[in-house]
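Novice: Take a look at the letters that make up each chain.
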Amino acid sequence: MKHPLAYSKAYVYYLIIWVIIVVVHIGILHLYYDHSVTIAIQDAFVFNGIIALLGYAFGFAFYYISVDSESINTFVSYLALILVGAASAYFASDTLLRSVFIVDEVFLSFINEARLWRISASGFYFTSILIAYYFIQYNVDLSERKQNETKLETLLKETELNALKSQINPHFIFNSLNSVSSLTITSPEKAQEMVIKLSDFLRYSLGNNNDQFSSLSEELNNISLYLEIEKVRFGDRLDINNIISDAANNAKVPTLILQPLYENAIKYGLYETFDKVEIETKANLQDKVLSVTISNSFDPSSVVKKGKGIGLQNIQERLKIHFGSDKLLIIKTEGNRFIATIEIPQEIEPS
Amino acid sequence: MIKALIIDDEPLARDIIKSYLKDNIDLKVLAECSNGFEGVKAINDLKPDLVFLDIQMPKINGFEMLEMIDEPPHIIFSTAFDNFALKAFEANAADYLLKPYSKERFLEALEKATQKINSNAPIATQKIIKDHQESVEILDRIVVRFGNKIHIIGLETIRYIQAQDDYVDIYTHEGKYLKQITMKYLEAHLPTDKFVRTHRSFIVNIEFIDKIEVYDKESYVLHLKEGQKISVSRSGYSRLKEVLSF
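So the protein lines, in turn, are chains A and B. Reading the first sequence from the start, the letters are residues 1 to 351 in this note's numbering. Reading the second sequence from the start, the letters are residues 352 to 597 in this note's numbering.
The hints are all genuine.
Chain A regions said to be covered by chain B (calculated; three or more residues, Cβ under 8 Å):
no.: 1; stretch: 179 to 186
no.: 2; stretch: 229 to 237
no.: 3; stretch: 264 to 274
no.: 4; stretch: 291 to 303
DSBU-like mimics (lysine-lysine), calculated; alpha carbons at most 35 Å apart, straight line:
no.: 5; chain 1: B; residue 1: K454; chain 2: A; residue 2: K276
no.: 6; chain 1: A; residue 1: K157; chain 2: A; residue 2: K282
no.: 7; chain 1: A; residue 1: K305; chain 2: A; residue 2: K157
no.: 8; chain 1: A; residue 1: K252; chain 2: A; residue 2: K231
no.: 9; chain 1: B; residue 1: K369; chain 2: A; residue 2: K276
no.: 10; chain 1: B; residue 1: K580; chain 2: A; residue 2: K306
no.: 11; chain 1: B; residue 1: K481; chain 2: A; residue 2: K305
no.: 12; chain 1: A; residue 1: K190; chain 2: B; residue 2: K454
no.: 13; chain 1: A; residue 1: K267; chain 2: B; residue 2: K481
no.: 14; chain 1: B; residue 1: K527; chain 2: A; residue 2: K306
no.: 15; chain 1: A; residue 1: K151; chain 2: A; residue 2: K320
no.: 16; chain 1: A; residue 1: K305; chain 2: B; residue 2: K478
no.: 17; chain 1: A; residue 1: K308; chain 2: B; residue 2: K478
no.: 18; chain 1: B; residue 1: K373; chain 2: A; residue 2: K267
no.: 19; chain 1: B; residue 1: K398; chain 2: A; residue 2: K267
no.: 20; chain 1: A; residue 1: K306; chain 2: B; residue 2: K592
no.: 21; chain 1: B; residue 1: K463; chain 2: B; residue 2: K392
no.: 22; chain 1: B; residue 1: K535; chain 2: A; residue 2: K308
no.: 23; chain 1: A; residue 1: K190; chain 2: A; residue 2: K305
no.: 24; chain 1: A; residue 1: K306; chain 2: B; residue 2: K500
no.: 25; chain 1: B; residue 1: K481; chain 2: B; residue 2: K500
no.: 26; chain 1: B; residue 1: K392; chain 2: B; residue 2: K369
no.: 27; chain 1: B; residue 1: K530; chain 2: A; residue 2: K276
no.: 28; chain 1: A; residue 1: K190; chain 2: A; residue 2: K282
no.: 29; chain 1: B; residue 1: K530; chain 2: A; residue 2: K308
no.: 30; chain 1: A; residue 1: K320; chain 2: A; residue 2: K9
no.: 31; chain 1: B; residue 1: K545; chain 2: A; residue 2: K327
no.: 32; chain 1: B; residue 1: K481; chain 2: A; residue 2: K306
no.: 33; chain 1: A; residue 1: K306; chain 2: B; residue 2: K545
no.: 34; chain 1: B; residue 1: K438; chain 2: A; residue 2: K157
no.: 35; chain 1: B; residue 1: K545; chain 2: A; residue 2: K267
no.: 36; chain 1: B; residue 1: K530; chain 2: A; residue 2: K267
no.: 37; chain 1: B; residue 1: K454; chain 2: A; residue 2: K267
no.: 38; chain 1: A; residue 1: K320; chain 2: A; residue 2: K267
Since the hints were derived computationally from the structure, they do not count as laboratory data. In this text, all values refer to a predicted model and were calculated from it rather than measured experimentally. Yeah, the Cβ is synthetic: ideal placement off N, Cα and C, and Gly gets one too.
The following block holds chain B by itself, in its conformation from the complex (with noise of 0.2 Å):
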């Protein structure tokens, strides 16, 4: 017997795989979510082995909520339209569904993945996950867990980020926040006018700088306007001196 979880925010759109399902008797739906914050606490709490997950909701996004869990299931993706997903997907062959599909199709997909689950195959969804990443520009928030809770960052709201082992710190005004990511991809994926990499543990909030000094004859350090001490190696401070244009 499989177990089952659908999360979309439409409730029609829940509907039709629940009708789609309705003869399945290998098939068990333990629960329905209307967005990605139930959606995590649902997937921890009933350890699910196949998820039915939309893309487009509201707050956090499908992918944003698988990277609140630690050891995601298989999932069948549905959207309606998303490029970025479409090229993680397509990238580790993963089932997805366009909406709206037949339900030809939507057995097609649930056959492919009973196989995988019934043979113990590997989840690919982490791997999924990590290509999304890669595959979208720009950043303009970031999710993080915090205890039990799920925090949005706004971008703006971010003063510096700290490297720590394969985590990073995130300081905001409300503290820190802990999340597996690494420097190297916020480095690329953070707006470079807005943030600088000033040393290998260091990315600036340039909005937050009140000043930079000279610390010996190779690196400086910076003084945020809260008064913390930020360390700027010699090619961090030729990136602020070319975004800062000083």
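So that you can see chain A by itself, here it is in the shape it has in the complex (with noise of 0.2 Å):
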């Protein structure tokens, strides 16, 4: 976290004010009590240097103080650090220029006279400086959210696209039509059932939702149909089982992030191989996190070329961005089973 100040210059700002200050403090002190310039020089500069240093050191203290911006403690904190600085200030300036500076008469009458003074004017400083800080940080925090909410938009985009481009896949699109074209003959039932559900389930992605978040139920319908289609292709081959568990089905996921490690379950499982594949989802909901395991066996003799993980690196991302976790994502192999198993926080308010 940086110091309020070191957003966009803004140390400059509050060093030139400081200087303005000082400036018309040493006026004051010269035209209007005619005390010497150099008293008023010393006065300005013990007094209101002891009082910018200060306020900058509130800076560091400030960003753990404004994490819970919204609670009663947070106007507690800020109270008492304004009524420390103030006194402390006080007192600094005060047995500063008693010690140190050589004073005459008038000027340590003025110096007694001036305490309630001193007092008022470095709490009026410091609660100043905590406004400042309080709207710098308040805008650095807008613009985070801001950038962030930018960031999920262009990552949703990104896998709508993607799973866009492994719909549009030639060998998925066409061998499908292909499927259809020979149903058509055979049995042109099935054809129009293959025709619907491929419909679906480009309308799915299509991006007719633009919503960040989906039911898990609503997400496993349109995997059932991109199952049911690859199910029409190979036959047999393909063997689903699902577990899910009610409350599992009403819990909410980022739209689209199973589908991927659907597609690879297909690509490295059911297309590599000559015997049967399986493809197992369990879902349930514990402690008010959905858990989600998609697991596919796969032939382990088979010489795959690998991909590049860009699949698996989106959901990764979307899962950090929406939940600050990098860690809700598992993937292992155990014997020839392929194991993904994904975790969805529910109590956090879908942003």
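Please assemble the complex out of the two chains, which come individually in their own frames, going by the hints.
Specialist: What follows is the structure, encoded as structure tokens:
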């Protein structure tokens, strides 16, 4: 976390404002109270310098207070900071002026009279500094939130694009259409079924819904369309098993986040073996965390060109932005099964 | 009577070919295969005149399957989409079907093939395989025949490759495999960051290199982790130097 003054060179303005205050301070002491220039300068620099330094130091403490910016604690902390600041500025400048500099009688009496004035002035300065910090921080948070939102939107667009690409993946689309063409001769009703499934599947990811989140059951419905299309192509070679708890069905998941996992299961499982491939999905909701495990068998003797992992990277990135953790997607191989587990916290307000 | 085979991993894709052929009395479908392994066996056993061959199939694709056959027959290729294959087909004026295809398009391809078969025209399949091999930029596996079996070698399991006349011996942890292919082709199509041609007769997987020693003024010898010694020529040494950056 940066010091509030470090954003867009705010320290330059901080310095300029203090220079102006010091000049005005000198002017008032010299012209209005008739103190000598030397004394006016000493007083202005010591008193304002201490406040400027303390005010700068408060900037470091500021972040820790502003974390829970809504609560009453924050207000109390600010008040404490102002009081502590004002008191220390007063005592420090008072002591310093008396002990370090040689002051005449008149000035000494001025110092005594100025107590109340010093305390209220420093209180005012600290209050102004904290308010300034608060606004800087508020604006920074706002622009960060906006940036995160934009990034999420870009990622969702990317996911949609990836989903589209794999649907318009020439092998998938043309082989599916070839199946349709074949079925129109042998079994027109099944051909119609297949065309409808293909259409529904394409429609889901063509960006009808711009929502960041969908329910798990919506997502799994779309995925089952995809798997059923593959089932028409490969018949009894594909086995689908779903074990989904009722609570899990209603849980929210980032839209299309599971799709790449199924595409991998098909690409590296079904497309690369002569045997049956089983894809199993388990989902349950526990302690406000939805856990979805997708596993598929594969043929270890197949030598397959590995992909670039862009699909998995995209999942990882989206989870990180939504939930702030990069440990929500776990991938492992156990014997001849590939297992992907994705955890989706439910208590956080979907942003 | 033309003897034909259908090789495709999708049952519906085989069905449509059969239904397009239903009324054809000059052609007999001897068998259907659902993968390249079955395909090799059926071609060798049944010696068909014509094969309807899909390219994208599990484990070995249509081209890798054809590499396993000594005298491949006429082929009508079919594919959903494959840039490399299309290049090879067009270079050889081969007939191919893009899925999904119409009955007219299918019969046209069949008519051309029938004419070639009946006129005993030379079979262009070997040339198509070669052109396809050339158009693939980087290999990711090598398919070999081992007795009656087909074996798929992952590149990471290859220790080194030694030239043997028109063939090469590919050495892996399981032993050596013979493959009809040139060193020049392998040198150009194996990933250059993993394989180095150290000598006229040797290509080495850098993962398995233990050390390189000076042999005499002009040459070096390379020791593999398992103890084999590989000759290194002067130009081979400079290639090693470049890849291993020493």
